[in-house]
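2 protein chains.
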Amino acid sequence: MASQFQSFDSVNDPAAAAPRLAALRQELRRQGLDAFAVPRADEHQGEYVPENAQRLAWLTGFTGSAGAAIAGLEKAAIFVDGRYTIQVREQVDPALFEPLELAAWSQEKWIASNLPKGGALGFDPWLHTPDSVAQLEKAVANAGGKLVPTQHNPLDAVWADRPPAPHALVRLHPLAFAGETAEAKLQRLRDALRQARCDALVISDPHALAWLFNIRGGDVGHTPLPLGYALVPAKDGPTEAKAQIFLDPAKLSDDMRGLLKPLADLATPQDLELAVMQCAKGGARIRLDAATAGFALKRLVEQAGGVADIGADPIALMKAVKNPVEREGTRIAHRRDGAALTRFLAWFEREAASGKLTEIAAAEALEDFRRETNALADLSFPTISAFGPNAAMPHYRVIRDSNRHIDQGIYLVDSGAQYNDGTTDVTRTIAVGTPTPEMRDRNTRVLKGHIAIARAVFPKGTSGAQIDAFARQYLWQAGLDFDHGTGHGVGSYLSVHEGPQRISKLGNTPLQAGMILSNEPGYYKEGAYGIRIENLVLVEEREIAGGERPMLGFETLTLAPIDLALIERSLLTSEEAAWLNAYHARVRETLGEQMDAETARWLDQATRPI
Amino acid sequence: MASQFQSFDSVNDPAAAAPRLAALRQELRRQGLDAFAVPRADEHQGEYVPENAQRLAWLTGFTGSAGAAIAGLEKAAIFVDGRYTIQVREQVDPALFEPLELAAWSQEKWIASNLPKGGALGFDPWLHTPDSVAQLEKAVANAGGKLVPTQHNPLDAVWADRPPAPHALVRLHPLAFAGETAEAKLQRLRDALRQARCDALVISDPHALAWLFNIRGGDVGHTPLPLGYALVPAKDGPTEAKAQIFLDPAKLSDDMRGLLKPLADLATPQDLELAVMQCAKGGARIRLDAATAGFALKRLVEQAGGVADIGADPIALMKAVKNPVEREGTRIAHRRDGAALTRFLAWFEREAASGKLTEIAAAEALEDFRRETNALADLSFPTISAFGPNAAMPHYRVIRDSNRHIDQGIYLVDSGAQYNDGTTDVTRTIAVGTPTPEMRDRNTRVLKGHIAIARAVFPKGTSGAQIDAFARQYLWQAGLDFDHGTGHGVGSYLSVHEGPQRISKLGNTPLQAGMILSNEPGYYKEGAYGIRIENLVLVEEREIAGGERPMLGFETLTLAPIDLALIERSLLTSEEAAWLNAYHARVRETLGEQMDAETARWLDQATRPI
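Protein chains in written order, with the numbering used here: chain R, 139 to 748; chain X, 139 to 748.
One or more of the hints may lead you astray.
No copy is singled out in the list; a pair is fine if it fits within one copy or between any two copies.
[To be verified] Result set (EDC-like, lysine to aspartate or glutamate): computed pairs, CA atoms no more than 20 Å apart in a straight line:
{"no.": "1", "residue 1": "Lys-598", "residue 2": "Glu-275"}
{"no.": "2", "residue 1": "Lys-380", "residue 2": "Asp-329"}
{"no.": "3", "residue 1": "Lys-663", "residue 2": "Glu-686"}
{"no.": "4", "residue 1": "Lys-213", "residue 2": "Glu-246"}
{"no.": "5", "residue 1": "Lys-276", "residue 2": "Glu-318"}
{"no.": "6", "residue 1": "Lys-213", "residue 2": "Glu-239"}
{"no.": "7", "residue 1": "Lys-373", "residue 2": "Glu-736"}
{"no.": "8", "residue 1": "Lys-323", "residue 2": "Glu-239"}
{"no.": "9", "residue 1": "Lys-419", "residue 2": "Glu-681"}
{"no.": "10", "residue 1": "Lys-598", "residue 2": "Asp-621"}
{"no.": "11", "residue 1": "Lys-284", "residue 2": "Asp-180"}
{"no.": "12", "residue 1": "Lys-276", "residue 2": "Glu-228"}
{"no.": "13", "residue 1": "Lys-284", "residue 2": "Glu-212"}
{"no.": "14", "residue 1": "Lys-494", "residue 2": "Glu-275"}
{"no.": "15", "residue 1": "Lys-276", "residue 2": "Asp-742"}
I should point out that these hints are in silico values taken from the structure, not numbers from a laboratory.
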């Protein structure tokens, strides 16, 4: 069956870049600009960007998930991070765009060398946050130039074959999954705004929009987002202080309109500017989300005489703490998803022996098993199906050109699904043939770190930064490490990458009961293999007999066997082995009944006590 | 023998506060002020403040190590943190000074309620950093008042019996202990300043002054500081850009002058203002230490047309990384200090059995044993000698009124010494009589955390924040924790509390080979007992066979037995027991030869393998 939710084609067309850059330069001259900044982000700074906003890819050919370009009249540069130094050379002609490091100092340096004295660097004020504008401002000032917000994006002006903006129908996210009415959420939000002494909040993050009004959309891949905005006054009056939602009317059925109208006035995105200015009049203090609000919003508020209070959207933290209905929903989603993954793992063991299986075929099969649940709304991200050296790149995505046959070695599969009741994300690392002692050693150290997080107990108020090293300690003892965080937050039928909670040295948000996070230590040996063991966990309160402080711990949500062939038993303590055996018993008991006889036999074997 | 380096008397005189506050109010009226802020700090924001700068204690009677007061014409308040809520009630009359929490919001609230509209809050610009002035500024603006830097400190004007400023002779810190010439240090500092694009540095931290010029002084207790300033231009010229040292001439012998003159011009503290203004002329960028520079310095730089670059004094990090001579020095100091402490511990076991020993007598005895080394320059802080419930207060300091007899239970002794070759800080917790199972459980969890830090291996670039939880994990598992950091930096014959390195959730400085830190997890049961096990450790590079990354670990410096009577062996893993046995073997072998026969027998028993 063909894949419905992912593509393995390279979308890159290197020949297109030269004429596009030439057209952009002509438009820059017409607008009196000497250079123009092209970020990867759209107006909402989201991880997934709709086709009509993939400006960086259109202009340069680069399709990575982070990056930026600056096009000058003579020269141009593309800025990417360490993950994409190889990919950028494959996708982008360095004669057109010099590849440079994605960092403030690097952009500063390029601007200093390439912007003429007194020259104008243009930027689209909707596509940059105030923070990133401040960085550009500094760089341009150092270069003796000026920074100019454009009225009309010059790239859009020359993008002839630009796809239309998405307008997927907005659906209700029913109370049976959401667990709290939009009215109650609005009430809590208003309380939070008043406590922060804000008069209103502009919601620029579509995840926040979806959560607050209990709606879901389909404007981008893998995350059920309706792209749009809202404006929520802090006042508690029923009419004069009604919230407003700004969505393309084509996305709203009459039924949906009827459902939303009691909560908010419905307007179009074109109405946003006026509404924000209206609201800002008379010195109102308006909270703008530092992470997602465009600089244009700050300017609107200030031009209208208001105070732009750039900070955290309070919804981010509210959304991160799942209510009891969402917690139960994610447990059900994980039982369903674990059963599909387990069927895949049993299938994989049979098929991989042939040596004919490919990364793409495996990813397609896994999607099939998930579709057979009849509950799959989407994959939560394109499956990472990686064999051997491909798995040593933590963010590898298979395309037809890179597709490997699965042979003797380690296969890594990192995948997830969107269901109405929850979002999943799970990684398993599987030995094909007999693994080397080194592979077993490394995998066991990663597993020990995974178990240390799974078993961690910590006081209320502890942040993810404080426990991140629990996952690394056994690799550190061997002089090893991995270069990504241990865990990211996960939404409830929303983004698989959700803040503010995370387990990483940068994760300063205190963990709270109800937050979902991934637990995914790894190890990567360049050119050889990659290992990652990932389960999702739910933060829960812990009662400890004789304890003195309120404590928290993790409930592991993900249910699927962890490959025993890659475990060196002698490296595990008895507590660690007991955790693994108890986890596998739970997997077997929870999923066993849903399995056909053959898979059930495989599962019994795969989850045997060690 | 009487104690030479510590006093157990309460210096508090509650009756003095009322007339002093009245006199201050009269002076405030004379100067046209409605209120005046009295911090605990002196001009150098140091931990130890000379008597002539103990303004807060003089005015209020409060002798804690952190706090502030604001005296209005009608009302006054004293702000202290959680450690001092009991002490402040014992030392300060609440009818004169309302005791409140030491926090920005708390001062803000008091100012809003007590400063009249348009009223003037005065502050001494030498005693507040620019950061704390910004906080006051905000609070006063919210209250509709104005913040006024005073020309003459009104408290000093009415302090009739004020002691003279200290003027202890400055001594050379010989190269045999310092390990690097002042010339070489100056060179490195100038390189760092040029790299930070600064034209000069004002040294306002006397620790930095002492380190840079390889000098020590005696102006405050417990830390061999010469109170003073320096100004170091970044330029590398021999004459036109010479450094300047600002020290009371009474502190400098002719010999010392001769030694310093090739390095810097010598001036008095009164010359500082003019020199800074001279240096700032023409727009020079002058680095001021955010942690210790008074607001007055910022104002001077800006008034002269310079740029005040408020940031870290680069010396702080240079000083934190000990050179090979300092590393060897601290090892020698720890062998000497460990021998003295071990003699004390053997003595203590004999004496405590009588039930007649007191906390003060024990502290005096420990000082005697240290003085018998004939190398003791000072204690590095007043000894914490605490029995039973007194030890449950982590910062308890014994005075005659609180002095307890040592009986059945737990005795905690946290002490340290200043030697020319190094600074020590060590805590031992000792069972007197038979400890309860709970005490053994808690002590063993603390020890497991201590061992986890001692055995930690981590990649270069890791900060103390990342490993802090290693020390807490076994307490967390039992629903327990402790409310202080796991470790602080330590100087080399300088402050026993040195930054920027630390092991705490706030410790974001990457650890580097050569840094000295304490490793001191604890557990405190209010009203019952306290436990802390503290050794100093030195960060060292680690070669790991088969490892892929540059790694670091700790060499434990402190050498003294850890009480086996408080250890529950069954809670230790075999690796932990092996660490303890190896540590005790090292203690025995290193110190055994220096012991008399009786103590040697005791040491053999105290360090027996378990």
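Verification of the supplied hints:
1. Lys-598 - Glu-275: neither (41 Å within a copy, 34 Å between copies)
2. Lys-380 - Asp-329: Cα proximity of Lys-380 and Asp-329: one copy only (15 Å, versus 60 Å across).
3. Lys-663 - Glu-686: between (44 Å within a copy, 10 Å between copies)
4. Lys-213 - Glu-246: Close inside one copy (15 Å), not across copies (53 Å); limit 20 Å.
5. Lys-276 - Glu-318: neither (44 Å within a copy, 39 Å between copies)
6. Lys-213 - Glu-239: within (16 Å within a copy, 59 Å between copies)
7. Lys-373 - Glu-736: neither (61 Å within a copy, 79 Å between copies)
8. Lys-323 - Glu-239: neither (42 Å within a copy, 34 Å between copies)
9. Lys-419 - Glu-681: neither (51 Å within a copy, 64 Å between copies)
10. Lys-598 - Asp-621: between (27 Å within a copy, 13 Å between copies)
11. Lys-284 - Asp-180: Cα proximity of Lys-284 and Asp-180: none, with 23 Å in one copy and 45 Å across.
12. Lys-276 - Glu-228: Neither. Shortest intra-copy (32 Å) and inter-copy (54 Å) distances fail the 20 Å Cα cut-off.
13. Lys-284 - Glu-212: within (18 Å within a copy, 54 Å between copies)
14. Lys-494 - Glu-275: The answer is neither: 55 Å in one copy and 72 Å across copies each exceed 20 Å.
15. Lys-276 - Asp-742: neither (62 Å within a copy, 66 Å between copies)
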